[in-house]
Amino acid sequence: KAGVTQTPRYLIKTRGQQVTLSCSPISGHRSVSWYQQTPGQGLQFLFEYFSETQRNKGNFPGRFSGRQFSNSRSEMNVSTLELGDSALYLCASSLVGGFQETQYFGPGTRLLVL
Amino acid sequence: GENVEQHPSTLSVQEGDSAVIKCTYSDSASNYFPWYKQELGKGPQLIIDIRSNVGEKKDQRIAVTLNKTAKHFSLHITETQPEDSAVYFCAAGTNAGKSTFGDGTTLTVKP
Chain A
561 KAGVTQTPRY
571 LIKTRGQQVT
581 LSCSPISGHR
591 SVSWYQQTPG
601 QGLQFLFEYF
611 SETQRNKGNF
621 PGRFSGRQFS
631 NSRSEMNVST
641 LELGDSALYL
651 CASSLVGGFQ
661 ETQYFGPGTR
671 LLVL
Chain B
-12 GENVEQHPST
-2 LSVQEGDSAV
8 IKCTYSDSAS
18 NYFPWYKQEL
28 GKGPQLIIDI
38 RSNVGEKKDQ
48 RIAVTLNKTA
58 KHFSLHITET
68 QPEDSAVYFC
78 AAGTNAGKST
88 FGDGTTLTVK
98 P
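Respectively, the protein sequence lines represent chains A and B.
Numbering-wise, my numbering comes out as the position in the first sequence, counting from 1, plus 560.
Residue 38 in my numbering is what sits at position 51 of the second sequence, and the numbering runs on without skipping anything.
Incorrect hints may have been included.
Unchecked claim - Derived DSS-like pairs (lysine-lysine); straight-line CA-CA distance at most 30 Å:
#	chain 1	residue 1	chain 2	residue 2
1	B	Lys58	B	Lys9
2	B	Lys85	A	Lys617
3	B	Lys29	A	Lys573
4	B	Lys29	B	Lys44
5	B	Lys85	B	Lys44
6	B	Lys9	B	Lys44
7	B	Lys24	B	Lys44
8	B	Lys85	B	Lys97
9	B	Lys58	A	Lys617
10	B	Lys45	B	Lys85
11	B	Lys29	B	Lys85
12	B	Lys9	A	Lys573
13	B	Lys55	B	Lys45
14	B	Lys58	A	Lys573
15	B	Lys97	A	Lys617
16	B	Lys97	B	Lys55
17	B	Lys97	B	Lys24
18	B	Lys45	B	Lys97
19	B	Lys44	B	Lys55
20	B	Lys55	A	Lys617
21	B	Lys24	B	Lys58
It is worth saying that the hints were derived from the structure and are not from the lab.
Bound-form chain A, shown alone (with noise of 0.2 Å):
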């Protein structure tokens, strides 16, 4: 079974720009959760998306949206770059998103913010 895929794998942008990343869960996981990854701050949760629909969301601003289509998929984009966004953000899928269940992560992409 393939694992959880995110495209793209690196990402260079400027101040001001907006970005997309996309995310695959393994196939028959329908929750997919965002983090962030910083050296400071460590894995920050984002947001979790369940049928299409946000399930939980983090303490993050407004610029982090996200998104997810009827195949589970799941994009996040970032508005109005700040450096402050550069990070590694990974994306994890679980069957249903359920209290103890294994999350299975990505690879991450790694955005850089000039």
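Guided by the hints, dock chain B onto chain A, whose structure is given.
For chain B alone, coordinates are given in the frame of chain A:
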């Protein structure tokens, strides 16, 4: 909200020695405690987890202990090998489904 503190931030051991990483959490409602291993260029991978109704769990060279009264849990790796070198994250989760992660421990196993 939940706060998870992880120590140490870096740990260096000789091959064959044991490694211990400790985490404390603040939310008494937390009842699920997974540990993840992240190798260079990869996403975190679950290596072991423990529920609040269990005090200890072991899987070959890896064990996790939980003290709910003190709100801390630990990862123990015995007979360390160079391939154990990675960043390890602890996390604490509640019934609401969200997990809060520690800041990570970079483990280096010297051959």
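Hint check results:
1. A hinted pair counts as satisfied when its Cα atoms are at most 30 Å apart, and lysine 58/B with lysine 9/B qualifies at roughly 11 Å.
2. For the given pair, lysine 85/B sits about 9 Å from lysine 617/A by alpha-carbon distance, which is consistent with the 30 Å threshold.
3. A C-alpha spacing of about 22 Å is found between lysine 29/B and lysine 573/A, which places the hinted pair at or below 30 Å, so the restraint holds.
4. For the proposed pair lysine 29/B and lysine 44/B, the alpha carbon gap of about 26 Å is at most 30 Å, so the pair holds.
5. For the suggested pair lysine 85/B and lysine 44/B, the alpha carbons sit about 22 Å apart, so the restraint of at most 30 Å is met.
6. Our distance criterion of 30 Å between C-alpha atoms is met by lysine 9/B and lysine 44/B, whose separation comes to about 15 Å.
7. Annotation: proposed proximity of lysine 24/B to lysine 44/B holds, straight-line Cα distance about 17 Å (limit 30 Å).
8. Of the pairs offered as hints, the one joining lysine 85/B and lysine 97/B is violated, with about 35 Å between alpha carbons and a cut-off of 30 Å exceeded.
9. Under the criterion of a C-alpha separation no larger than 30 Å, the hint pairing lysine 58/B with lysine 617/A is consistent with the structure, at around 25 Å.
10. With a CA separation close to 24 Å, the supplied pair lysine 45/B and lysine 85/B stays within the 30 Å bound.
11. Proposed proximity of lysine 29/B and lysine 85/B is supported: the alpha carbons are some 22 Å apart, at most 30 Å.
12. At most 30 Å may separate the alpha-carbon atoms for a hinted pair to count; lysine 9/B and lysine 573/A exceed this at roughly 37 Å.
13. At most 30 Å may separate the alpha-carbon atoms for a hinted pair to count; lysine 55/B and lysine 45/B meet this at roughly 18 Å.
14. Of the pairs offered as hints, the one joining lysine 58/B and lysine 573/A is violated, with about 42 Å between alpha carbons and a cut-off of 30 Å exceeded.
15. Between lysine 97/B and lysine 617/A, the direct Cα distance comes to roughly 40 Å. Violation of the 30 Å bound is thereby established for this hinted pair.
16. Of the pairs offered as hints, the one joining lysine 97/B and lysine 55/B is violated, with about 33 Å between alpha carbons and a cut-off of 30 Å exceeded.
17. Distance check on the hinted pair: lysine 97/B and lysine 24/B sit about 18 Å apart at the alpha-carbon level, within 30 Å; holds.
18. Proposed proximity of lysine 45/B and lysine 97/B is supported: the alpha carbons are some 24 Å apart, at most 30 Å.
19. Of the pairs offered as hints, the one joining lysine 44/B and lysine 55/B holds, with about 14 Å between alpha carbons and a cut-off of 30 Å not exceeded.
20. The suggested pairing of lysine 55/B with lysine 617/A holds, with an alpha-carbon distance near 27 Å, which does not exceed 30 Å.
21. Distance hint between lysine 24/B and lysine 58/B is fulfilled; the C-alpha atoms sit about 22 Å from each other, no more than 30 Å.
The earlier numbered hints that this structure contradicts are 8, 12, 14, 15 and 16.
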